[in-house]
Amino acid sequence: MRNEQKAILYFFLVLLFFSFGSSIARSIAMTLLMEKLGGDVLPHMFILIDLSIMLTSIAYAKSTQKFSGLKILGFFLLLTSLFAIFVQLLFFFNSLHSWVYGFFFVGYFFFYTIILIHIGSVTASYFTAIQAKRVISLINAGIPIGNMLGGLSLIILLNIFQFKADTLVITLAVTSLISFSILYFIKNSLNPVRTSHKVLKRNQSPINEFIIAFKYIINSRLMIYMSLSLFLFVIVSKLLEYHYQTAIYIEVFPDTTQRATFFATYDIFASMVWLLLQLFFSSRIIMMFGVGVSNIIYPILSAIIALSLFVYFYLDTIGLMQGSLVMMLSLGIITQFINQEMRWALRSPASNLLFNAIPSHLWGSNKAFLNGLMFPLSTFIASSFLILITGFESYILPLTALILSILAIMIAIPQWRAYDKGMFNLLNRQLFSNRSELIRLNKNFKSAIQTELKSSVSSHIVAALEMVRVLKLSQFVNQVGNLLLKTRHFEIKQHCIDALTVLPASNSNINYLIEALQTEQDVKVIPLILKNLAKFKNVNFNHTIANFLTHPEPAVFVEACLCLYHHPKFVDQKLLETQIIKRLKKAKFPEITLYLYALGELRKPRYSHAILPFLNHPKSEVNLAALKALIRMQNGQLEFHKFRLLRALDDSEKTTKLVALKALSSCEALPDWSAIINLLAARDRSLVNESKKLLKHKLNFSKKSLIDKLFTEKISAQQRFEILSLIFLFLNEKQRSCLQQDADEALKNFLFIHALLRQHDLLTYGNKTHDLIKKILHEIAEEHLLHVLTIITFAARENMEFFQRVSRGLLSSNRANQGNALEVLSNANEKYLVNRVLKCFEEGFNKQLNIDNYEAELFALNHSMLNECLIYNQTQS
Amino acid sequence: MIPLEKIIVLNQVPLFSALKIEDIHKISTIASEEAYEDGHILFNEGDIGDSLFIVVSGEVKIIKQGLDQPVAILNKNDFLGELSLFDAETRTATACCHGKCTFLVIEHNDIEQLAHEFPEIAFGFIKVLISRMRNMLSKSS
Numbered sequence: 069m070r071n072e073q074k075a076i077l078y079f080f081l082v083l084l085f086f087s088f089g090s091s092i093a094r095s096i097a098m099t100l101l102m103e104k105l106g107g108d109v110l111p112h113m114f115i116l117i118d119l120s121i122m123l124t125s126i127a128y129a130k131s132t133q134k135f136s137g138l139k140i141l142g143f144f145l146l147l148t149s150l151f152a153i154f155v156q157l158l159f160f161f162n163s164l165h166s167w168v169y170g171f172f173f174v175g176y177f178f179f180y181t182i183i184l185i186h187i188g189s190v191t192a193s194y195f196t197a198i199q200a201k202r203v204i205s206l207i208n209a210g211i212p213i214g215n216m217l218g219g220l221s222l223i224i225l226l227n228i229f230q231f232k233a234d235t236l237v238i239t240l241a242v243t244s245l246i247s248f249s250i251l252y253f254i255k256n257s258l259n260p261v262r263t264s265h266k267v268l269k270r271n272q273s274p275i276n277e278f279i280i281a282f283k284y285i286i287n288s289r290l291m292i293y294m295s296l297s298l299f300l301f302v303i304v305s306k307l308l309e310y311h312y313q314t315a316i317y318i319e320v321f322p323d324t325t326q327r328a329t330f331f332a333t334y335d336i337f338a339s340m341v342w343l344l345l346q347l348f349f350s351s352r353i354i355m356m357f358g359v360g361v362s363n364i365i366y367p368i369l370s371a372i373i374a375l376s377l378f379v380y381f382y383l384d385t386i387g388l389m390q391g392s393l394v395m396m397l398s399l400g401i402i403t404q405f406i407n408q409e410m411r412w413a414l415r416s417p418a419s420n421l422l423f424n425a426i427p428s429h430l431w432g433s434n435k436a437f438l439n440g441l442m443f444p445l446s447t448f449i450a451s452s453f454l455i456l457i458t459g460f461e462s463y464i465l466p467l468t469a470l471i472l473s474i475l476a477i478m479i480a481i482p483q484w485r486a487y488d489k490g491m492f493n494l495l496n497r498q499l500f501s502n503r504s505e506l507i508r509l510n511k512n513f514k515s516a517i518q519t520e521l522k523s524s525v526s527s528h529i530v531a532a533l534e535m536v537r538v539l540k541l542s543q544f545v546n547q548v549g550n551l552l553l554k555t556r557h558f559e560i561k562q563h564c565i566d567a568l569t570v571l572p573a574s575n576s577n578i579n580y581l582i583e584a585l586q587t588e589q590d591v592k593v594i595p596l597i598l599k600n601l602a603k604f605k606n607v608n609f610n611h612t613i614a615n616f617l618t619h620p621e622p623a624v625f626v627e628a629c630l631c632l633y634h635h636p637k638f639v640d641q642k643l644l645e646t647q648i649i650k651r652l653k654k655a656k657f658p659e660i661t662l663y664l665y666a667l668g669e670l671r672k673p674r675y676s677h678a679i680l681p682f683l684n685h686p687k688s689e690v691n692l693a694a695l696k697a698l699i700r701m702q703n704g705q706l707e708f709h710k711f712r713l714l715r716a717l718d719d720s721e722k723t724t725k726l727v728a729l730k731a732l733s734s735c736e737a738l739p740d741w742s743a744i745i746n747l748l749a750a751r752d753r754s755l756v757n758e759s760k761k762l763l764k765h766k767l768n769f770s771k772k773s774l775i776d777k778l779f780t781e782k783i784s785a786q787q788r789f790e791i792l793s794l795i796f797l798f799l800n801e802k803q804r805s806c807l808q809q810d811a812d813e814a815l816k817n818f819l820f821i822h823a824l825l826r827q828h829d830l831l832t833y834g835n836k837t838h839d840l841i842k843k844i845l846h847e848i849a850e851e852h853l854l855h856v857l858t859i860i861t862f863a864a865r866e867n868m869e870f871f872q873r874v875s876r877g878l879l880s881s882n883r884a885n886q887g888n889a890l891e892v893l894s895n896a897n898e899k900y901l902v903n904r905v906l907k908c909f910e911e912g913f914n915k916q917l918n919i920d921n922y923e924a925e926l927f928a929l930n931h932s933m934l935n936e937c938l939i940y941n942q943t944q945s
Numbered sequence: 003m004i005p006l007e008k009i010i011v012l013n014q015v016p017l018f019s020a021l022k023i024e025d026i027h028k029i030s031t032i033a034s035e036e037a038y039e040d041g042h043i044l045f046n047e048g049d050i051g052d053s054l055f056i057v058v059s060g061e062v063k064i065i066k067q068g069l070d071q072p073v074a075i076l077n078k079n080d081f082l083g084e085l086s087l088f089d090a091e092t093r094t095a096t097a098c099c100h101g102k103c104t105f106l107v108i109e110h111n112d113i114e115q116l117a118h119e120f121p122e123i124a125f126g127f128i129k130v131l132i133s134r135m136r137n138m139l140s141k142s143s
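Read top to bottom, the protein sequences are chains L and A.
Heads up: the first sequence begins at 69 in our numbering, then just goes up one per residue.
Heads up: the second sequence begins at 3 in our numbering, then just goes up one per residue.
The shape of chain L in the complex, shown without the other chains (with noise of 0.2 Å):
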C-alpha cells in the first residue's frame, strides 16, 4: 500500500472511532443533561465550555509549538478516554448529585472540540498541500460514518439491549484508546511531511506565543480575512439555528413528540446526503475551483437562503402571501442541512485548507486564536443579538444574516488572493522568516552603526559605512570624516570617501574631503578624493586641485586633469587636452589605459584618432580602455563604429561586451541580432540583463530574428524565458499553440529521462561512470522541466519570481516545499499543462515507459560528456 493510502486510511480510522464513541456520548450527555438539570443550563454550560476552551487555547497554542502534532492528538485521546471512565465511575458512585451530569457535559463538549480543532492540523502535516486538497474530505468523511454508526450502535443498546443510557459512557473511554492505539501505526510507519513544531525550540512563556501569534495574524492579510469570515459564519449560523428552530419547526411540529421524530428521521436522511457529498463532491469541487474559491461557495450558500427566507416571511408579514406549512418546512429542511450538513461537507474542509498558506509551525497558535478568541466571542455577539432581537418581526433575522453573508462573500474574495499569495509566499520562507527580529534591528540599527564604526574589525566598520552611504545618514558625516583624516586602512578610507560624497552637499563633507587630500600620502587614495571631489561643481578648489597636476603618479595626474577640465570655473581646457595626448604617446602598458580613459572623459569627438590605434593592441585592457574612451567621446553618434562593437560581443572578456551592448543601443538597426540573442543564454546575469536591454530598446527591428530562434532552434531553458519575457505579447495563437505542444513534449521527455533514470540505477550500479550519468540525466531532467513551467509562467501571465520560486520548489527535494509549489501552480491562470504537470508529481513519475535499449536511448540523447562517459565505459569494458 502506498504511503498516501496509507495515510488516509489511518486518519479516516481514528476520526471512524472518535466519532464512534463521541457520537453516542453525544447523545447521552444531552439526554441526561435535560433530564436531570433541565433545559434552562443550557446557556450556562455553553459559555463554561467556550471559557474553558479559551483558556486551553493559550496553553494549546503553546505546547504545539514544542511537541508535533501527534503528541499532542494522542495526549488529548488518552485524557478524554480517562475522562470517560471517571465520569462512567462518578455515575456508579455518586449518580445522586446532578453536578456529575453537567460535569459530563461541559467535559465531553470540550474534549471533542478541542479533538475536533486540532486533528484537522494533524492529518494536514502527513500531507503536501496539494494532496490535502484531495484527500481531506475523504478522510473526514470518517465523522458521519462514526457519526451514523454509533447513533445506530445506541439505539440498538439502548432499545434492544435494554442498557441504560449512564452505562454507555465507557464506549467514548473505549473508542478514544482505540483511535489512540492507531496513532501507534501512524508514528512508526509515516512520516509528517510538514512539521508543526519548531525544530529549534526557543523558551517562550504561552503568553509572550500568544502575543507573537497575534502579531502574525495582524500582519497577516490571510489570518485577518479567515477571522472576519469566521466571525460572521457563527453569528449567520446562530441566527438562521435560532430561526428554524423557533419560527418554523415550532409552527409546523407544534407537538413535541412529532418534532422529536422529525429531527431523527431528518438526521438519518441528512447524515447520508453529507456523507455522499463528504466522499463525492467536496474534494472534487476543491480540486476543480481551488481552496480560494471553495471558500466563497458556502457564504453563497447562506445568502440564498437567507435570502430566500427573508422573501417568505417578508411577503407573509405584508399580507401578501399565504403562509404555507409544506413551504415553510421545505424552507427550514434547507437551511438546516446548509447550516449543520453543509458546513462539515464543505466550509469546515475548505476553511482548514487555507490553512496551507500559513507557515506550519504557526497552526497551533493561529488555530487556538480562532477557536479560542474568535469563535466564542461571535458566540457571545450572536446570543447578545438574540436576545435584544426578541419581539421583532419574524422577517428581520433573514435580513440580517442575508446582508451578514453578503458580507462574508465580499470578505471571502480577498481571502482567495490573499490564500493565493500567502502559498506562493510560503516558497520562499526558508530565508526570510523573522520578520519581526528585522523589525526590531531596524528601531536599533542607528546606535549599532555608530557602535560598529568604532568597531576594531574592519570588515564591521565596512558595513557600518555602507549603511551611511546607502542610507545617506548625514547625522554620521563627523564620525565619517574623523575616520577618513584618522584610519590607514585602505578600504576603510575608500568606504569614508564614498559616503561622504553621497551624504547632502554640505561645508562638513567637503572641507573634509579637502583636508583628507592635502593630508593624504597614499597614491590610490588621492586619485579617489580627486574623483570625488568633481562631483562637487559648486565649490571652487580649483587652486589646490591644480597642485596635483605635477604629481609623478599617473592615476592622480588623470585624476586632477578631469576635475579641473569639469569645473564650470576653470578655463584652460586646452592645456590639459594637450598635456593628456602628450602623455598618451609616450605612455606604456598599462599607464596607458589612464590616459585613454582621460581623452574618453574630455568628451571629444575630434581625438578619435588617437583612440584608434589602440583598439587593435595586443593587451585586452588597453582595447577595453580604447574602446571605453571611444564611446565616452562620440557622445552617443556610434552609427559609424557598429561593425566594431559587433565584433566586441565575441570579445573573451566579459567588461567588453558589456561595453560594446550598452553601446550598440545608440545604433540604428544592425544587420545581425544573432550574437546579442544568443548572449540571453549567458551564465553572467549582468550580459544577460544588457543584452535584453539592448533587445527590448530595439524591438521592432530584433522580433523577428527573437521569434526565429525561439521556434528554429534548440535552446536553453533560461535562453527561452528570456525571450519569452521580450516577445510572448507579440505571438499569435497559432505560434503560442506551438509553444504549449513543444512544452508538452518537453514534460513527455522529463519523464522519459526520469525512466531512463530507473534503468540506469538497475543496469550500471557500482560502475565508475553511474553517478555521473546520474547527474547529467537529473540536469537534462531539470532542462525540460524548466522548459514547461517557462510556458506555464507565460501563458499564465505570471512573472520571473513565480517561475523562480516555483521550479526551486519542484526541483527541492523537500516533499513540503514541492507540495506548496504544486498548490501554487494550480492556483496559476493556466490549466492544461499545470494539470499535465500536477499528475505528472501525483503520479511520482512511477509510469513505467517502454525502453528497449538503454544505451541506444542514452546516446540519442545528444548530451557530448554523456556520450563520452558512455564511450568510456565501452573502452572499459
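Since the hints were derived computationally from the structure, they do not count as laboratory data.
All of these numbers come straight from a predicted model, not from anything done at the bench.
Do not rely on the hints blindly, as some may be mistaken.
[Claimed, not checked] Some chain L residues well away from chain A (every beta-carbon gap over 10 Å; in silico):
1. Q156
2. F178
3. M356
4. L456
5. K771
6. M868
[Unchecked claim] DSSO-like cross-link-like pairs, simulated, lysine-lysine; straight-line CA separation at most 30 Å:
7. K78(A) with K842(L)
8. K842(L) with K129(A)
9. K22(A) with K816(L)
10. K139(L) with K141(A)
11. K687(L) with K656(L)
12. K66(A) with K836(L)
13. K637(L) with K129(A)
14. K760(L) with K129(A)
15. K141(A) with K843(L)
16. K489(L) with K28(A)
17. K141(A) with K722(L)
18. K605(L) with K650(L)
19. K842(L) with K28(A)
20. K22(A) with K842(L)
21. K141(A) with K255(L)
22. K722(L) with K764(L)
23. K134(L) with K141(A)
24. K66(A) with K843(L)
25. K592(L) with K687(L)
[Claimed, not checked] Which chain A residues face chain L? A few, computed with CB under 7 Å, are given here:
26. M3
27. I10
28. N13
29. I23
Just so you know, even glycine gets a beta-carbon here, dropped at the ideal spot from N, CA and C.
With chain L's structure known, arrange chain A on it following the hints.
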C-alpha cells in the same frame, strides 16, 4: 588521468555535490594530478592549508602529534583539507602517504579565481555549507 576521469573523481566530493556538471568540468581544468611515493608528507600539523587533496589511489595516514596510532586512514575518493579552499587556517594533523599515492590537488587561489569568474560555483559551495549547517543545527537541537 584523462579529463573525464578527473570529472568522475570530482563528482564524488561532497563539496561539489551542488554544482552542475558544467561547473565540475571547469574545476577539473584547475585540478592537477600529483603522485607521491610511500612516506611522503603532504602537510604537517600546523602548516597553513592552501589546497584540497582528493585521494585517487593509495592510502593516506592522518597522524596527530603525541599519538602513536594514526587517527584516520584515507582511501580512494576520500579527501583532505576541504575547508582550506575557503580560509587559510592551519592544518590540524599531519598527512602522510602510505604506499604509492595519486591525488587530484586543487589550489586555494585557483578555486577562488574560478569562483570569482563563475559565481554559480561559489553559490554551489554555499548551498553545501548551508545544508551542513542545517544538519548540525538540527542535530544539536
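Quick rundown of the hints versus the structure:
Against chain A, the non-interface label of Q156(L) holds: every CB pair exceeds 10 Å, the least being about 42 Å. A cut-off of 10 Å between C-beta atoms confirms that F178(L) is not in contact with chain A; the least separation is 33 Å. Look at M356(L): its CB is around 38 Å from the nearest CB on chain A, clear of 10 Å, so calling it non-interface holds up. Consistency note on L456(L): stated as away from chain A, and its beta-carbon is indeed over 10 Å from all of that chain's, at 53 Å minimum.
Its beta-carbon lying about 30 Å from the closest one in chain A, K771(L) satisfies the requirement of being farther than 10 Å from that chain. Its beta-carbon lying about 17 Å from the closest one in chain A, M868(L) satisfies the requirement of being farther than 10 Å from that chain. With a C-alpha separation of about 21 Å, the suggested pairing of K78(A) with K842(L) holds against the 30 Å cut-off. Of the pairs offered as hints, the one joining K842(L) and K129(A) holds, with about 20 Å between alpha carbons and a cut-off of 30 Å not exceeded.
Between K22(A) and K816(L) the CA atoms are separated by roughly 23 Å; this keeps the pair inside 30 Å, and the hint holds. Proposed proximity of K139(L) and K141(A) is supported: the alpha carbons are some 21 Å apart, at most 30 Å. At roughly 11 Å between alpha-carbon atoms, K687(L) and K656(L) fall within 30 Å of each other, so this suggested pair holds. Among the hinted pairs, K66(A) with K836(L) is inconsistent with the structure: their alpha-carbon atoms are about 33 Å apart, more than 30 Å.
This hinted pair does not check out: K637(L) and K129(A) have alpha carbons roughly 55 Å apart, beyond 30 Å. For the given pair, K760(L) sits about 28 Å from K129(A) by alpha-carbon distance, which is consistent with the 30 Å threshold. Taking the CA atoms of K141(A) and K843(L), the gap is near 28 Å; set against the 30 Å cutoff, the hint holds. A hinted pair counts as satisfied when its Cα atoms are at most 30 Å apart, and K489(L) with K28(A) does not qualify at roughly 40 Å.
For the proposed pair K141(A) and K722(L), the alpha carbon gap of about 44 Å is over 30 Å, so the pair is violated. About 27 Å separates the Cα atoms of K605(L) and K650(L), which keeps this hinted pair within 30 Å; it holds. Between K842(L) and K28(A), the direct Cα distance comes to roughly 19 Å. Compliance with the 30 Å bound is thereby established for this hinted pair. A threshold of 30 Å between alpha carbons decides the hint, and for K22(A) with K842(L) the separation of about 12 Å falls inside it, so the pair holds.
Straight-line distance between C-alpha atoms of K141(A) and K255(L) comes to about 20 Å, which keeps the hinted pair within the 30 Å bound. Annotation: proposed proximity of K722(L) to K764(L) holds, straight-line Cα distance about 21 Å (limit 30 Å). Proximity of K134(L) to K141(A) is assessed by CA-CA distance (about 16 Å); at most 30 Å being required, the pair is judged to hold. Distance restraint check for K66(A) and K843(L): the Cα-Cα separation of roughly 37 Å exceeds the 30 Å cut-off, and the hinted pair is therefore not satisfied.
Our distance criterion of 30 Å between C-alpha atoms is met by K592(L) and K687(L), whose separation comes to about 23 Å. For M3(A), the shortest C-beta to C-beta distance to chain L is roughly 12 Å, which exceeds 7 Å, and the interface hint is violated. Interface restraint check: I10(A) against chain L, minimum CB-CB distance 5 Å, threshold 7 Å, status holds. With its C-beta approaching chain L no nearer than about 5 Å, N13(A) sits inside the 7 Å limit, and its interface hint holds.
A distance limit of 7 Å between C-beta atoms decides the matter here; for I23(A) the minimum to chain L is near 6 Å, and the interface restraint holds.
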